[in-house]
Amino acid sequence: MRPFILLFAAFLLFSVGCVQHHYSPNFIQTPYLEKKGDGVVTAAVSGSPGSLNGDFHASYSPVKYGTVMLNYLRTSTSFDNANVFGGTTYHQTTKGYLVEGALGGYLPVFFGTGALYVGWGQGQMRNDFGIGRIADLRLQRFFVQPTFTFKNDWFRLGMGLRLVRLNFPSGDIDYRIEPSDIEKIQRLENESPFWFPELGGNLGVHFRPVTISANLVIVGARPASEYGFDGSNIGVGISLELNELFKKRGQKPIIEE
Amino acid sequence: MKKLATVFTLFSLFLLLGACKSDFNYYYYSKEETELLGQFLNLPELPDDYTVTFPSHLSNTGLFPRAVERDKAVLGRVIFYDKKLSKDGTVSCASCHKQALAFSDDQAFSEGVFDRSTSRNSFALGSVANFSAYYGTDLNGSNAIRFFWDNRAETVADQSRGSMTNAQEMDMTMHEIAATVEAQPYYAPLFKKAFGSEVVSEELVLEAVANFVNAMGSFQSQFDAEANQSQPSFAGNFGNTVYNSDFNGFTAAENRGKKLYNNNCSSCHSGNMGRPVLQLANNGLESNPTDLGVGAITGQNEQKGSFKVPTLRNIELTAPYMHDGRFANLNDVLDFYSTGIQNHPFLHDDLKANGQPKQMNFTAENKSDLVAFLNTLTDDDMLADKKFSDPFKQ
Numbered sequence: 003m004r005p006f007i008l009l010f011a012a013f014l015l016f017s018v019g020c021v022q023h024h025y026s027p028n029f030i031q032t033p034y035l036e037k038k039g040d041g042v043v044t045a046a047v048s049g050s051p052g053s054l055n056g057d058f059h060a061s062y063s064p065v066k067y068g069t070v071m072l073n074y075l076r077t078s079t080s081f082d083n084a085n086v087f088g089g090t091t092y093h094q095t096t097k098g099y100l101v102e103g104a105l106g107g108y109l110p111v112f113f114g115t116g117a118l119y120v121g122w123g124q125g126q127m128r129n130d131f132g133i134g135r136i137a138d139l140r141l142q143r144f145f146v147q148p149t150f151t152f153k154n155d156w157f158r159l160g161m162g163l164r165l166v167r168l169n170f171p172s173g174d175i176d177y178r179i180e181p182s183d184i185e186k187i188q189r190l191e192n193e194s195p196f197w198f199p200e201l202g203g204n205l206g207v208h209f210r211p212v213t214i215s216a217n218l219v220i221v222g223a224r225p226a227s228e229y230g231f232d233g234s235n236i237g238v239g240i241s242l243e244l245n246e247l248f249k250k251r252g253q254k255p256i257i258e259e
Numbered sequence: 034m035k036k037l038a039t040v041f042t043l044f045s046l047f048l049l050l051g052a053c054k055s056d057f058n059y060y061y062y063s064k065e066e067t068e069l070l071g072q073f074l075n076l077p078e079l080p081d082d083y084t085v086t087f088p089s090h091l092s093n094t095g096l097f098p099r100a101v102e103r104d105k106a107v108l109g110r111v112i113f114y115d116k117k118l119s120k121d122g123t124v125s126c127a128s129c130h131k132q133a134l135a136f137s138d139d140q141a142f143s144e145g146v147f148d149r150s151t152s153r154n155s156f157a158l159g160s161v162a163n164f165s166a167y168y169g170t171d172l173n174g175s176n177a178i179r180f181f182w183d184n185r186a187e188t189v190a191d192q193s194r195g196s197m198t199n200a201q202e203m204d205m206t207m208h209e210i211a212a213t214v215e216a217q218p219y220y221a222p223l224f225k226k227a228f229g230s231e232v233v234s235e236e237l238v239l240e241a242v243a244n245f246v247n248a249m250g251s252f253q254s255q256f257d258a259e260a261n262q263s264q265p266s267f268a269g270n271f272g273n274t275v276y277n278s279d280f281n282g283f284t285a286a287e288n289r290g291k292k293l294y295n296n297n298c299s300s301c302h303s304g305n306m307g308r309p310v311l312q313l314a315n316n317g318l319e320s321n322p323t324d325l326g327v328g329a330i331t332g333q334n335e336q337k338g339s340f341k342v343p344t345l346r347n348i349e350l351t352a353p354y355m356h357d358g359r360f361a362n363l364n365d366v367l368d369f370y371s372t373g374i375q376n377h378p379f380l381h382d383d384l385k386a387n388g389q390p391k392q393m394n395f396t397a398e399n400k401s402d403l404v405a406f407l408n409t410l411t412d413d414d415m416l417a418d419k420k421f422s423d424p425f426k427q
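If you read the protein sequences in the order shown, they are chains A and B. Here this note's numbering runs 2 ahead of the position in the first sequence, where the first position is 1. Here this note's numbering runs 33 ahead of the position in the second sequence, where the first position is 1.
Derived from the structure by calculation, the hints contain no laboratory data. It should be emphasised that the depicted structure is a prediction, and the values quoted were computed from it without experimental measurement. Hints should not be assumed to be uniformly reliable.
Pairs of lysine-lysine, DSSO-like flavour, derived with a Cα cap of 27 Å [what the hints assert, rightly or not]:
| # | chain 1 | residue 1 | chain 2 | residue 2 |
| --- | --- | --- | --- | --- |
| 1 | B | K54 | B | K225 |
| 2 | B | K419 | B | K400 |
| 3 | B | K225 | A | K97 |
| 4 | B | K54 | A | K97 |
Between beta-carbon pairs, the in silico distance windows are [claimed, not checked]:
| # | chain 1 | residue 1 | chain 2 | residue 2 | range |
| --- | --- | --- | --- | --- | --- |
| 5 | A | T95 | B | D279 | 53 to 59 Å |
| 6 | B | K54 | A | K97 | 40 to 46 Å |
| 7 | B | K54 | A | T91 | 36 to 42 Å |
| 8 | B | A386 | A | E185 | 48 to 54 Å |
| 9 | A | R224 | B | G229 | 34 to 40 Å |
| 10 | A | E185 | B | A361 | 43 to 49 Å |
Note that CB positions come from ideal geometry on N, CA and C, so glycine has one too.
Could you build all of it, start to finish, from the sequences and the hints given here?
In structure tokens form, the structure reads like this:
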């Protein structure tokens, strides 16, 4: 397990690159819910060539076959961008968030569980291109997400396809930003909303009630770089299955004689 | 289960019907800045784009322009046209580098402050972007393209400093330039945009001008349009290519002129009007030159009487010609190359035949064809482009 985590940590370090971005995908959440009262919370760190993200998630099944989901993504980048040929080097940063909720339903399918979620959320991406040149964009995301999960005592496997409608309803943009970046932003303005798929999954090792998982999400917008979208995100997460946790706590303590 | 599905569907529809029209607010100048600048300058609400993009026939050869920082170019434009930055307040960079003339002057010697006269012909700046990636010894060492007829300046900034401080041109010290800039209220917001601070320094003034001049590119000529659609027949050093086949859109005279140009001129001036192939050459103007040109700066004997080789873009508009403006028109230039090249110990090899000056012996038709071809190098769009024009309210 240790080499596995170290490998991912190293990948994250290398994958945090030096580009501004206007959209970074969170992981496709595939909560392992099977009955009323099941719940899970997850925290993950992820990276892409453009960002370092904190990804938080909670799901709960209040009724049989029904799920409520909450997602929160925090993304940030910080780097020095040196122009070729002796131009000025600017310290640039990106900070953003996305918060969203979803309703879903699940059913046993084959050897696992199939689920469908519909959600909506909004957020903000604030790119500072240096010397106070800021592009502050608001974004809204609607998604429909079919998933398939499989679990046993030791492993968790989840796959999902997220069909995204990403809209940039408003923004405040300092026009001092370099023309090539302004061009990207104008593309967002003119072509928004975007419809595209995102494909993702996770593979985890389960130690009751905790799961440590590797996560991947790939953005299907083509080409993502033209819009300042991160093309993918990869990271590690830790999940706590609440039903298992409470079940454990609810067990009668063993009384030593 | 049915209830759940209904809730699900309604929820989805509700989300889909949300507004989706984007409403982005782009800002550059604040209201106060707009009011202040509006008293002195005609600047667009949002700044012009000074990005230089090469035509494909140049970029395909590996040539590329130097990156231009737009906000610095916006500031540089104002400095370039500001007459307050000369000793008597009558001369700016633009006085000797006129946009309508591809940023050259139609006088052999331009008029500087206090009616003083410059000692050489104003060099056309209208195509600096063509070779901007090749100037500066830091980047290209001995292959660098330099500025002024005697190649004494390494960069646009050096060249600007030279003109601003030349007693015959603007006759200021750089300290005076910076102080004058600082005293004009319209510079504060422009400096803030360009450099993130209102603090003025000599270096920043020059950097801004350099960005403006680096953006000056002439790529919309008829020659460029044709070259973009043609395959070069020869590729040489520094992105130089030669097009021997006729261009479809050229007249017969223009194509004949192109052939003559390729055979007689392109080895120095380049076949694709990229960067000049040679940095300097002695072209035999005089056998015993009084103006020693590059040699006077370097002290090297073999460079005495040598001058910078200019690009021929917009050549139609940059008369009079040569470093001293001795030729009033292109016919005079061709007459010189036809029969007037003088012998000189360091006459460039390309202008020699059997150790003697090579007289090109152009016929009247040859000259007419060559002029027809050279006229295809004019970029009318650039000459009328507002972003290069005088921003001051008259």
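Structure-based check of each hint:
With a CA separation close to 33 Å, the supplied pair K54(B) and K225(B) exceeds the 27 Å bound. Of the pairs offered as hints, the one joining K419(B) and K400(B) is violated, with about 34 Å between alpha carbons and a cut-off of 27 Å exceeded. For the suggested pair K225(B) and K97(A), the alpha carbons sit about 24 Å apart, so the restraint of at most 27 Å is met. With a C-alpha separation of about 24 Å, the suggested pairing of K54(B) with K97(A) holds against the 27 Å cut-off.
Checked against the hint of 53 to 59 Å, the pair T95(A) and D279(B) passes, with Cβ atoms roughly 55 Å apart. Between K54(B) and K97(A) the beta carbons are some 26 Å apart, a value that contradicts the proposed interval 40 to 46 Å. In this structure the hint that K54(B) and T91(A) lie 36 to 42 Å apart at CB holds, the actual value being about 37 Å. Checked against the given bound of 48 to 54 Å, the beta carbons of A386(B) and E185(A), roughly 53 Å apart, stay inside it.
As the Cβ distance of R224(A) to G229(B) is approximately 36 Å, the hint placing it in 34 to 40 Å holds. Take E185(A) and A361(B): their Cβ atoms lie about 45 Å apart, and the range 43 to 49 Å holds.
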